[in-house]
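Chemist: Produce the entire structure from the sequences given, and follow the hints as far as they go.
There are 6 protein chains.
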Amino acid sequence: MGISTFFRAPIADNIFDVDIGLIGIPFDGAVSNRPGTRHGPRAIREQSSMLRAINSATKNQPFKNLYIADLGDIFIESTFDLVSAHNEIEKYFDSILIKNIIPIAIGGDHSISLPILRAMRKTIDKPLALIHIDAHCDTGYGDTYSYAKFTHGSPFYHATEEGLINPHKTIQIGIRGTLNDINQWNYSYDSGMRVVTIDEFYELGWKEISNICSDLIDKDYPTYLSFDIDSIDPSEAPGTGTPEAGGITVKEAIWFLRSLNRHNFIGADLVEVAPQWDPSYLTAFNAASILFEILCLVSKGKKI
Amino acid sequence: MGISTFFRAPIADNIFDVDIGLIGIPFDGAVSNRPGTRHGPRAIREQSSMLRAINSATKNQPFKNLYIADLGDIFIESTFDLVSAHNEIEKYFDSILIKNIIPIAIGGDHSISLPILRAMRKTIDKPLALIHIDAHCDTGYGDTYSYAKFTHGSPFYHATEEGLINPHKTIQIGIRGTLNDINQWNYSYDSGMRVVTIDEFYELGWKEISNICSDLIDKDYPTYLSFDIDSIDPSEAPGTGTPEAGGITVKEAIWFLRSLNRHNFIGADLVEVAPQWDPSYLTAFNAASILFEILCLVSKGKKI
Amino acid sequence: MGISTFFRAPIADNIFDVDIGLIGIPFDGAVSNRPGTRHGPRAIREQSSMLRAINSATKNQPFKNLYIADLGDIFIESTFDLVSAHNEIEKYFDSILIKNIIPIAIGGDHSISLPILRAMRKTIDKPLALIHIDAHCDTGYGDTYSYAKFTHGSPFYHATEEGLINPHKTIQIGIRGTLNDINQWNYSYDSGMRVVTIDEFYELGWKEISNICSDLIDKDYPTYLSFDIDSIDPSEAPGTGTPEAGGITVKEAIWFLRSLNRHNFIGADLVEVAPQWDPSYLTAFNAASILFEILCLVSKGKKI
Amino acid sequence: MGISTFFRAPIADNIFDVDIGLIGIPFDGAVSNRPGTRHGPRAIREQSSMLRAINSATKNQPFKNLYIADLGDIFIESTFDLVSAHNEIEKYFDSILIKNIIPIAIGGDHSISLPILRAMRKTIDKPLALIHIDAHCDTGYGDTYSYAKFTHGSPFYHATEEGLINPHKTIQIGIRGTLNDINQWNYSYDSGMRVVTIDEFYELGWKEISNICSDLIDKDYPTYLSFDIDSIDPSEAPGTGTPEAGGITVKEAIWFLRSLNRHNFIGADLVEVAPQWDPSYLTAFNAASILFEILCLVSKGKKI
Amino acid sequence: MGISTFFRAPIADNIFDVDIGLIGIPFDGAVSNRPGTRHGPRAIREQSSMLRAINSATKNQPFKNLYIADLGDIFIESTFDLVSAHNEIEKYFDSILIKNIIPIAIGGDHSISLPILRAMRKTIDKPLALIHIDAHCDTGYGDTYSYAKFTHGSPFYHATEEGLINPHKTIQIGIRGTLNDINQWNYSYDSGMRVVTIDEFYELGWKEISNICSDLIDKDYPTYLSFDIDSIDPSEAPGTGTPEAGGITVKEAIWFLRSLNRHNFIGADLVEVAPQWDPSYLTAFNAASILFEILCLVSKGKKI
Amino acid sequence: MGISTFFRAPIADNIFDVDIGLIGIPFDGAVSNRPGTRHGPRAIREQSSMLRAINSATKNQPFKNLYIADLGDIFIESTFDLVSAHNEIEKYFDSILIKNIIPIAIGGDHSISLPILRAMRKTIDKPLALIHIDAHCDTGYGDTYSYAKFTHGSPFYHATEEGLINPHKTIQIGIRGTLNDINQWNYSYDSGMRVVTIDEFYELGWKEISNICSDLIDKDYPTYLSFDIDSIDPSEAPGTGTPEAGGITVKEAIWFLRSLNRHNFIGADLVEVAPQWDPSYLTAFNAASILFEILCLVSKGKKI
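Chains as they are written, first to last, in the numbering used here: chain A, 422 to 725; chain B, 422 to 725; chain C, 422 to 725; chain D, 422 to 725; chain E, 422 to 725; chain F, 422 to 725.
Hints were generated in silico from the structure; no laboratory data involved.
Hints may contain errors.
For identical chains, the list gives no copy identity; a pair is met inside one copy or between any two copies.
[Claimed, not checked] Here are the simulated DSBU-like cross-link-like pairs (lysine-lysine), alpha carbons at most 35 Å apart as the crow flies:
id : residue 1 : residue 2
1  : Lys570    : Lys512
2  : Lys480    : Lys628
3  : Lys485    : Lys512
4  : Lys570    : Lys485
5  : Lys570    : Lys480
6  : Lys543    : Lys570
Modeler: And the structure:
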């Protein structure tokens, strides 16, 4: 009840005081299959209002020491032009980052990670590390895919090529499904990313994958977290544009995220929730629960 | 897109400047059958964001000359105690009315009209006129109904008894359905209200009913408008707690509302939208469209 | 709330006292398109529990003077054999009719009218009159349709051929839609039935159609009422197996049924509600509302 | 059952023999609000398979004398680039029209009418007449709307400017709803189009509007029919991107379409069905029923 | 098919012979978030009719040796007054227990456990043992929560304080989620209850938790079982008022329940199924399956 | 997008070249509980169009070396007569098998396995081996069940009795649930089939069950695979007629199927998907994903 904001957080009125900003990006102009993630932020806001102040497992209380605000949705004017839309998103993040707000973006389709990373990269002196949980590597060569360069299947190809992320400090977890091309995700392997398929995830177990993250990325290294809801099994997250059978359970995702608390996250996103395919609101609810863990993770150790 | 507010209106930041306040009342503690109208305000907010600035039929632009704000939802502490909950609602409206804000309330169940009328009555020197569109007269003797005095079936019985409304200037439109007791709505007739059953509505037609309203209520007389979504046919508004077959169409409701522009509305409510029974969002969408007409009606001729 | 029975009527414990029996027939073994009407009785029971004792328009109180019971569902053993299933239904109705119970059957598919009429015919000395409201004439020659003789498209062909109904005292109302064969419903015309297409229904209006019924059937003549929910517009009754665009509204159906109170109904059925295609329960709710009018109609003037 | 094609029509195997081609255009790249019409063709195919060979009201049998085929969906490569996508559609229609196939397009968003009209215009020596049924005029100045020139709100502005349609032989029926700008549809009026608002539609009645069409457009004049499903009331067609309360009923639409049989239709489209907002399939079913009437209309008098 | 009763059990006609009574309690007057569990009993009845006589895993045939009846729903008059409603429930259970019927209650919200335990406590000479499976401890101090003392978040606080249950023989399993207050469930720990969080559940495994139950509660000790459906993961039980991500699977719940067959259960409840949030009926179906296991458990070893 | 075929495979135009035929069997005339699997093939076609060319885990590319076609749905004339319907199915498969097409059938109810096995048995000189994944053994004595001999609960009883399958080379995996009769599946045990209950499945693990398959069936032995979607947990496959709580996960099913790549499959079916109970399309999507694995399995090592 009440106006829907993320976790019933206040809507930022004085944006300079905000420590962590929750930002909706209602953009799905880069999807090839089922559209609808433009309605993702609202659906997650709605469901997140059932969540409360304290993480009963970790005792983390993100809202206690930090000013966490819902910054609303980015208003994108050029909804029909990918490149312009991405520019608008980048500029918005420039304006946020200059105020030292740690951004957590809620998509929208996965293409939004690219302009966010472009903005973030300007604030630090080296390519970011990336922990990327997804059913897909999203390192396709955008320019050969439906004649569009920057789709939701290619953000991390561009992010690497543009020097935004360090592929040797990038890990992609939960990869699976059917492909158009046997070489579709080769760029991930060739560029040096650590690809953890769903089979490897279950062979090694989430604790071991967490250790691999620690080995790969120093605890102080500025790291970005990108969580695509389609990493989760469709039975627990049917409301997404490109589902792939046989994914991670929400329980495992939560445990895994909690285990990442050694890292230094300077930003994060949660993408690809499509409410139209989610008649029981399960996807949005599980996404809100995961978002809460991401919020706990990002807020851990910040400020005082 | 964006944070859901009614018609994407601003959330009131300086409440003194507001001309018309849209107020959610997420309360359904007085329903006897299917609960869920506590989620009504949010569902209408969501759908209302598809509506825009100008009424193409009347050319009315409510947002142009008036400051119309979404005042959010009333936070009700005593959700388990009807009398206390009603007191909280009344106090909230006292605080709004003192600032000369014209209130439009979005329910919640129909019991909320009672505390609103209590607050409004204090601001004028005589009982209000009432135009009440509903499938039910809602003039049951509350105290014999499920042992609770102030349910959603009795607000206008109490409103009359407490001198809040003038029954001779009260018209109830759209009445129909099955009853528990053949004398169930006798109070309406006995107290002098004008009851327009659905059969009479279709016999006379909405234009004639509108004339009856004009005859009954002087154009300057302070008048309250109460619109229960269950007046509408269930085919066009399935998402409500107590549907009754064979109601008014949305088209007729809109035409009828537009014809009431001679009256002096000092407040209004739209109640009984229950989103759980509304899988296609049709009820909330139609409710938002009716709310827009109510807003046009209330804003007409106000301020300059 | 409570165990779902039709209108919360008692489940018959001493079947000899019952005046009117509401009987579920969960059989859909004769449908050619979308199955699921076997779940119709339950869905209508559930929704009918929102209806109450008194018809506010006609003041009819069917439950007051008569013992109206929910006789439960017929248990059909031969669900995979149409002819045997129909025999079971006929025998059940034989056992009901011998106790002078007036039956109102709730389907199930329309094929069930045939065994009911077979049973009813044995209790009177001449073919019944029939008022039949439907999108389809259901007078197909069963034996050429999907190699099955007694489908849901042919009951009234067989009923006529077997001398169960008098085609000259049969009226079919609401006929429309697309056809497999231009001669598909010729049997209706050739046998002397009065066919009222949807176009004629709207040209003449329901009052005139009611007059035609009076002219066609003497007020004392034993008459059967068969109401197929697909006569109603799909917008108001999507949950049915063979929808046809552009049908009667529920409001018109209710008004028309009320106008039939001059007739002598000795039995009735309401068929073809398929809950799987009815996510908002609208069809079952409207069907329950129509069933209440049928109940009022059948109970009118019975007993003292 | 069977592979879903429009009306179970054959999939064209020898495209030269086809008289009327049913063509899916799964494109929604030009919508500003709710996406999803790219799934419209499939949903209409699925529902259309419940329709049959003969129109029971008009006795029209479109499949009898003409070879009507489902030509499948246009495969659009440039889904992220409006201008290129429109070019692809135009080229496809060029290839169809050269074979003397009469096209009936099933959208997809309303922007697709523009490239279709571009292709059609090349085959005749003057601008087409247009009968356009819609809640919106769709004559917005595209270039100021979300920075995109050719959206689903502007096709008929461009069609007029490019000389594809004759505004003096254009009629727009069913216009209503809320607007962004009081001058939003001025182009329709200024260019000489006949705009029939929903209020005028109900004041005059569909028969009179049909007469206006006859007066406006000579019976031999090559005419295009564009039917936007949002012309229909949301209660009967909730599954669309930009619903507007209070529209035409399906019954009226069907009657009106049948009355247009004096005109010479050389092409038609049915657009804006969005299945994600259509949980009971009502919109797709009603759209399929309307499409059947359009098919009857277009096939009338063609060939022998 | 047939009238919906739990597992198609007979409706009790001679209540003295009944061994185990299945009792619906359609009460949700104590929920703070999403209402609707008042419709839980009906939804579970409907789904339970797909279950059959024999547990294929344990070979238990509860209906064979015992007379198990559906006692219908408790009719609660004071639906708007928690304390009175609880008194009515308690009195009903008094009347059942005096006839030596073992009750299995189907909620409704979790507040109903309190009046049931009050009634049960009168029949034995010491506080009951409790095995409680839930996402929440439900030991909140009711009087500070929304100004209501006896909500669905506090039954076991009151049950302990009133001496109805022995906290040292109480185990709470599956606890997790977000909290309003870091001390929210402290009463559980402080009073000596054994709290098994979801993390501990997965660390130790259900077999070990079952052993802990055995250690804590003697096999002859009179024990009550309370199963809140929100203990189950929302992916398998979305239809509940207060979901918490990351719960027990149905499979584990079933295995765990079967392992409790050493205990002496004298009563049980299954609560918090809210059908409105359950579009695929999955929650009600899984609840019915769990209820069947509870029935097997309670019936085990009873009578002869 | 495009006309829905299985995996967007071509519709067979020259049936002699086809290596593997995907065949829809829209028949549910043999179900005792919830009907609707006749719509299964269409729903799976629709969802399968989201799957692509390559199995990312096994690198299998079934469409690369083999001509895999969608052969459409079998048109069954005798939909109301089980025996005739089965004869029609058998004849269809005779016509396919004579062309050396490997059939993969998509149901429809499980009774269809019987006529398929009858046709397949004629092409080889000995009873087939069978790997059967299901919640039910489906070896009921058909003739005592609802008076029909060949229902969806008995195909493998008949298949054994008719010498179509070798019970000593038959394994049934995932068996669980409630039963009508404690001896219901005794025929499986008595005839020598290997029955793996769900408890045994989880005790031993899928790898060990796979080994048991290898031990039981020689790698060259002609083997049939029958996959009933109700083997999967209802949380991951709610859309089926006879769900049973606590089943196999999709992930385990996929892993298990991949491990069967040593066997010589000469045909397969996937049955019992009922889209009406599947509002989020999860069942059809998971079924399509499993079908893809079956296709990989069957195509493995075929042709060159």
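Chemist: Up to 35 Å between alpha-carbons, please classify Lys485 paired with Lys512: within, between, both or neither.
Modeler: both (30 Å within a copy, 31 Å between copies)
Chemist: My question is about Lys570 and Lys480: at a cut-off of 35 Å on alpha-carbon distance, are they close within one copy, between copies, both, or neither?
Modeler: between (44 Å within a copy, 26 Å between copies)
Chemist: Can you tell me if Lys543 and Lys570 fall within 35 Å by alpha carbon in one copy, between copies, both or neither?
Modeler: both (22 Å within a copy, 33 Å between copies)
Chemist: Can you give me the call for Lys570 and Lys485, within, between, both or neither, at a CA distance of at most 35 Å?
Modeler: Between copies only: 27 Å across, 43 Å inside.
Chemist: At most 35 Å between CA atoms: does that hold for Lys570 and Lys512 within a copy, between copies, both, or neither?
Modeler: For Lys570 and Lys512, both the intra-copy (20 Å) and inter-copy (23 Å) Cα distances are at most 35 Å.
Chemist: How would you classify Lys480 and Lys628 at a CA-CA limit of 35 Å: within, between, both, or neither?
Modeler: both (20 Å within a copy, 27 Å between copies)
Comparing the model with each earlier hint shows no violations; every hint is respected.
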